[in-house]
Structure formats: C-alpha cells, structure tokens
Amino acid sequence: MLDRTKAPETYEIDAVTLHEAEVTNLANGARLHVIKSETQPVIRLDFVFKAGKWFETGNGVSDLTAKMLLEGTINRTAKQIAETIAYYGASFEGNHGYDRTEFTLYCLAKHLNELLPLVLDVLQNPSFPKEEFALLKQRSQQNLKLQRQKNNYLATHCFTKSVYGPGHPYIYGFDADAFDDLQLTDLISFYHSHYVTQELEVFACGSIEASTQKLLADEISNLHLQPASKIIPVNKPEIKSAEASYALVEMPDSLQSSIRVGKRFPSIHDEDYLDLLVLNELLGGYFGSRLMRNIREDKGYTYGIHSSVSPREHDTLFYIGTDVNYTVTDNTIEEIKKELQALQQDEIPAEELQTVKNYMLGKFLNDIATIFEQCDRYKRIVLYQLPQNHYNDFVTAIKTITPSRLQQLAKQYLDYADMQTALAGKRS
Amino acid sequence: MIQFKEFTLDNGLQVIVHEDHTSPVAVLNVLYNVGSRDEEEAHTGFAHLFEHLMFSGSVNIPVYDEPLQRVGGENNAFTSPDITNYYLTLPAQNIETGFWLESDRMLSLAFSENGLEVQRKVVVEEFKQNYLNQPYGDVWLKLRPLAYKEHPYKWATIGKEISHIEEATMDIVKAFFKKHYAPSNAILVVAGDVTFDRAKELAEKWFGPIPAGEKYERSIKPEPPQTAPRVLEVSADVPLSAIYKTYHMPARTDDDYYAVDLVSDILGRGKSSRLYEQLVKEQKLFNSISASVSGSIEAGLLMIQGKLNEGVDLQQANAAIEAINQQLMDELVDEQELNKVKNQAEASIVFSEIELLNRAMNLAYGKLLGDANFVNTEGEKLQAVTPQDIQRCARQVLNPNNCSTLLYKAEKKEVAVAGEE
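Residue numbers (our numbering), protein chains in the order written: chain C, 19 to 446; chain X, 446 to 866.
In case anyone wonders, no lab produced these hints; they're calculated from the structure. Please note that a few of the clues may not be correct.
Reference excerpt, derived from the structure (chain X facing chain C, CB under 7 angstroms, subset only) [to be verified]:
1) Q448
2) H466
3) V470
4) G518
5) Q538
6) E541
7) W545
8) D549
9) V567
10) E570
11) E571
12) L777
13) K785
14) A792
Beta carbons are placed, not taken as given, at the ideal position from N, Cα and C, and that holds for glycine.
Chain C extracted, bound-state conformation (with noise of 0.2 angstroms):
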C-alpha cells in the first residue's frame, strides 16, 4: 500500500553547466560574442550600446533615440522597417536600459541572411525623419500620462526619486512633463556620441552554422565606429538620497495601495552581494518567502508581495513591493517592519533556509534551460565585467551560507529605519 504521507526521495542538486561563448574582436573595434545550440531553428541577435539612460542629455533622451531608429533609415522608410521584419516572421526592437541600450533581433535561422541587412541599416543610417518623431513624441506623452495613472508606476517612480535623489538616471519612469521640451537633434546628438562606437558588443546565440558566423563577423565588422574616446565625458551623476522618508501620492478613487520599501543595497561586485541574494530570496523572493506567508497567504491583504534586488552597473536597489487593500496600508507597512526585524533579532531555523537554498538552486537550473536564458547570463558576466565564475560563485554562495551569515547580514542591510518607503493609493 502506497504512504502518500511520505515524501519521495530526494536528490541533490548538481553542479551546472553553463554553455562557453566563441568571442571575436572584430576589425572596426566591435566584440562578437557567439554562443551556438542546434535544438531550436532560431537566432537571437543583441546589439548593445552604451546609451542608457545613465548617458542621457535630457528625459527621455535615450528612450525615443531607441524608438527613432526604427523609424526610417537613409534607405528605408518606416513602413518598409517594418514590412520586411514582419515578411520574414521576426521581431526587432530597441531597449533603452539604465545603463546600456540593446536592439534584438529574434528571428527563424534561415532566414537571418535577410535580415542582417536591414538590422545593420537601422543601426548605421538612421535618418530621424520628423513627421515619424512628432508621432513618437505624441504617442509617448499620451502612454506617460496612461502610465501615470497606475499605482505601481507612480509608487516606483515616487520610491526611486527618493533613493536616488531628483533628477538621477536610476529613477524609475517619468514626471508628467518629461517629454514635452524634447527636440529631434537631441536624439540625434544622442546617436551620434553613443551608439556608433568602439565599445559595441553583439552577442549572437542559437542555430548558428559556421558560415553564418563567418557572416556575422564580416558584416558586423563593416559598420563605422568611432572610437570611444571620441564620445563627450557624462559626468557621473550624484546620488542625493533623502534621508529615510516617506512619501505618499495620493490617489483618492483607488481600491489599493501601492507599496515600496527599500534602499540602495553594495555593487554587484561587492562581497556581499551574492549571500544578499539568498537572504532576499528568504524575506521576499519566492512563495514560500517570509513576506508572502505572512501577508498573502495569512493576513490574505494581497494578491502578492515580493522583494527583489536589481543590479545596475553603478549601483543596486532593493525593495519590497506590493498592492494592498487600502484599508491595511498602514498595518502592511507594520507588517513589513516586524519581518525586517525577525530577520535581524532571529536565526533562520535550519529547515527553513534548506529549503530556500534548495529552491534557489533548482529555480537557477530551470532559469538556464534555453539557449537564450544562457545567453542572458553570460551577457550579463560581460556587460558587468564579471569573474568568468561569477555563476559559479553564486552556487557555492548558495550551498554554503548560514543561519548566523544571514541574521549578520540582515542586522546590517535591513534596518527599516535606513529605508525608504514610498505608497501611491490612500492610507484608510
């Protein structure tokens, strides 16, 4: 007879693989990076420039400069972008980061030889037609004040602000007027001092044959590139963070608050960063995590609450976040207190933090399964210039952390009274 009251037999968790990329440095001073899987028929392409915000001139600056690329080319209009991408089944945007800004091309691998043309078009002959900016322009204020109606994104933006300081690149989203003064040759001087230089990196992953690489080197490597040098210094931006404060947007009609709590927490290259991780993932990580237990799934006051740490490549921010009926605004906050505090008055019992760090590592091995989720991670050793073990060293940091490491840890980073806390909603 079956005892369905015991668990099965469980295993450890090995230790992962990732897979190794070729890397080419090309002739006009870009870096080709090639990670090759024949499973699935496709290629990914990333072209990533340093043009993220964190460069920017004005608001909005980096973002409409990505969009305006798309909108026509010396040789190109807009619509036949636009036609030949969708002929050949594919998808091609720009994504303005904090740091950098990457265009992607996701695309079938037989059909790649079509479309590098036209990518590298976009990239290098962009002609900013007016007609199509004042459309952008039109259609990006009118998406911000959408936007600005959203509880999450003003709560974030109102957080942020306080974190980093008024005016600095990290903030997340927009002030209402942020696009109005924006001119086309801001974002042409944009393109021109940021996206066609030296310190371009293409990291291609998927079916690629070798004459397909051989290809994506030759053409890559025709693109004019300016030396880095060349691109006007950005000075780089103060943190003015407000002492810890608390801000409220009030927004009278809603049903719900949004919630943020957090601070800037060490680099990505910082000692701690990596047994931060694992004690993030305990407070606000995952289902089982402290926040969610108490506040989903026992007090039942929303649908979900998670913390999360995001690194950028000048600094980190931590927050808890979440949307509360606004009645128990305030007793959510109270709640966020005391398991800030569990973390640093308690150990973590032995059971508890086994199944974190078992969640962790099954959840890396589930997040490295595709091609491209690889790519992610090795883009990411790159772009942060990472050791080469940087993964390695996060699953040693998992395996090995312990209770009295992470109530130090707490003790140190989670004091709320070194925290911002910013809610978009009403407080009762």
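Start from chain C and add chain X according to the hints.
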C-alpha cells in the same frame, strides 16, 4: 515537431510523455477540463477561486508549495474560460516529488476553512489589482456580456462581481471538486529529462490508485447568432478614449479557425498591419491599435482594440476601422501579404516550442481538443489558407451585424497629488 507517446490509466487519466534530455529539468503539467464556462451564473469566478484552493493543502500533505520548493521546484497555475491548468518545474532527479504532490491533490483536498477564508480575500485583491484599479482594467467585464448573451463566456474568469467570490462556501468548494477534479477529467503531461518507462511507472504508482470518479459531461448551449450590431458607450477616468470591437468567430477546431486567425493578423498584428499602418501612421487617429483572436475552444471572438489620439472623435475612429475591414471583404488579399502573416504564424509556433513547459502545455491542450498531435499539424493548416479563404471568412466574420462595439470615453482626470510626511 514535438515528439511524444501517450497512454491512459484505468481510472481514465490521460497521460502524455515528451522526452527532452537537453537540460536536467522536468515538468509536470496537469490540465483539468474545467473553466469559468462550467460555472453557474450565480457563482461566477469559482473555477479560479478553486484554483487558489488547490494550493491550500491536500488530504495527506498539509502545504503544497513547501515540499516542492525543498526539492528545488517551482509551480503555478492559471484558469481560463475553458480550462484550469497546473504546472510545476523541478530538477529531473526529483521528479517523483512532483508526482506525489499532484496525485495527492487529485485524490482529495484538505478543505481547510481558514484556507478558504484567506484565498477569498486574496482573490478579491487580485480582482481589484487587475480589473478595477487599473486604467481600462474593467473592459472585459463590460465587453463579454455585450458580445455573449447566453453562453457562459459572457462572464470573465475572475468573476462577474466581487460578491460572488465573497459568498463562496465550503459546500460549493466540495461539490466542485467532486464534479470536476476526477482523473477522467484530467490530462497529465510529463516532459523533460525523464524516460517514457520511468514516467509510466511513476504515473501508475501515484495516479493509478485514485478512484475514477464521475466523468463530467458538459452541456452548454451555443451562443445564438448575432443579427444586429451592438454598441455600448461608457466613460471612465482614463487619459485616452478607446474602441473595442468583437466579432463572433468559429470554434478552435473548426476548419476556418486558421483563416480567421490570419484575418486578424492582416488587420492588426504589429506595426506592418493594415490597422496600424493606416490608422496610427497615415491617418493619425489612433495612439495604438491591434487585432487578435480569443482562441477559445467554443465559438470565440476576433477582437480589434485601439486607443485614440487626444481630440479624435470616437465615431470617426470607429468608421475608419470599419472602412479597413470593408476593404478586406471587398478585395482579395495579395500573396505577399498573406505569406507575411503565414510566416509570422510559423515563427510564433517555432518560438512557442523553445520552452519545455510551453511544449508540455501545448500537448495537453491539443489532447483536450481531441489529439495530442494537434500542435504538430497547425503549421500545415495555416499554410493551406488561400486568399479566397481569407475573403470568405472576412465577409462572414467582419459583417457589421456580427459586431459588438464598446466605446470607452475618456473623462477628465484628477491630478495625482504628491505629499510627504
């Protein structure tokens, strides 16, 4: 092409195994043949609330998540009008834990009163977070009852109203479990780094002993044909006015499903589509616009949705959409444009098969539709669509008498006030 083998246990549970040894992970996907269409109109939102309760402990295991996390696994679930689908991913060597957990909650639940009370609150917050406290969040709450008058697709999966969730009792929970959660109403897919023999052995060991239960026979009357246009005008505190148009279309397994799917792509898939190119870029009436199909098992909806630029009149924008629809009814689509949407559809299928979990879900869904191999035949069916099929289906589906239109008017908004303490 997804390879698989299948078998059925004596209790009626259908099992599909898909081996993939490229990565040391495994997936268990359990699809229950129950969705919000199986609810009574007085108790909507129940299939979804029940999905939450499936995590509040089963007969022999007090908490579902913890033992899974302890072996490195993670899980989630979703409910749609047609199905409730549970899935977990874990390191392949610990796959038996997945069988243990999934089989126990198929056998019976703990039916904890406290669990019910907490999940009622959680779901009410989910309702508010996604449907009430978001700009345009309530669109489908309004659009479904406009498009459907009889069929249970007329209410949203989250429920018609919050009170239905607040009023759910343990008796209803128990009856629902008995009616819908028997092995004969479920499909199990085991996928990943596991052999067929091992998967079969574990399925027989853990799921084999579960009593068959009663097979649920669904009897839902089809939605009567729509014979006249329907229009509903509402206003809300949003920055841009919006238009939502739905058209009744054939069921998922109908021969014409693929042609209608391509009709929606020609109209509104991406920046090269007719609606976007003409109404966003050329006529500058819309901020964004797209078209898609609901993909539901029974007769579903083709949907066009767009947000208007400030100052544009709703009637004028609506007429512009209808003019573009009319063009597709009047003129044959050229081969180039048809090939474009076929290539897009082909690429979507290939990309949807990259993740192991998606392959498992696709197999389960195909099996529910009658054939696990369904997913491997879709590419061919799409390629077979002709320009004449497109025109015939466009005339049938885009007929104005088959259309329900929601005009969503932007009201003046209040300005957010920032303050500090």
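Non-conforming hints, listed in increasing numerical order
1, 2, 12
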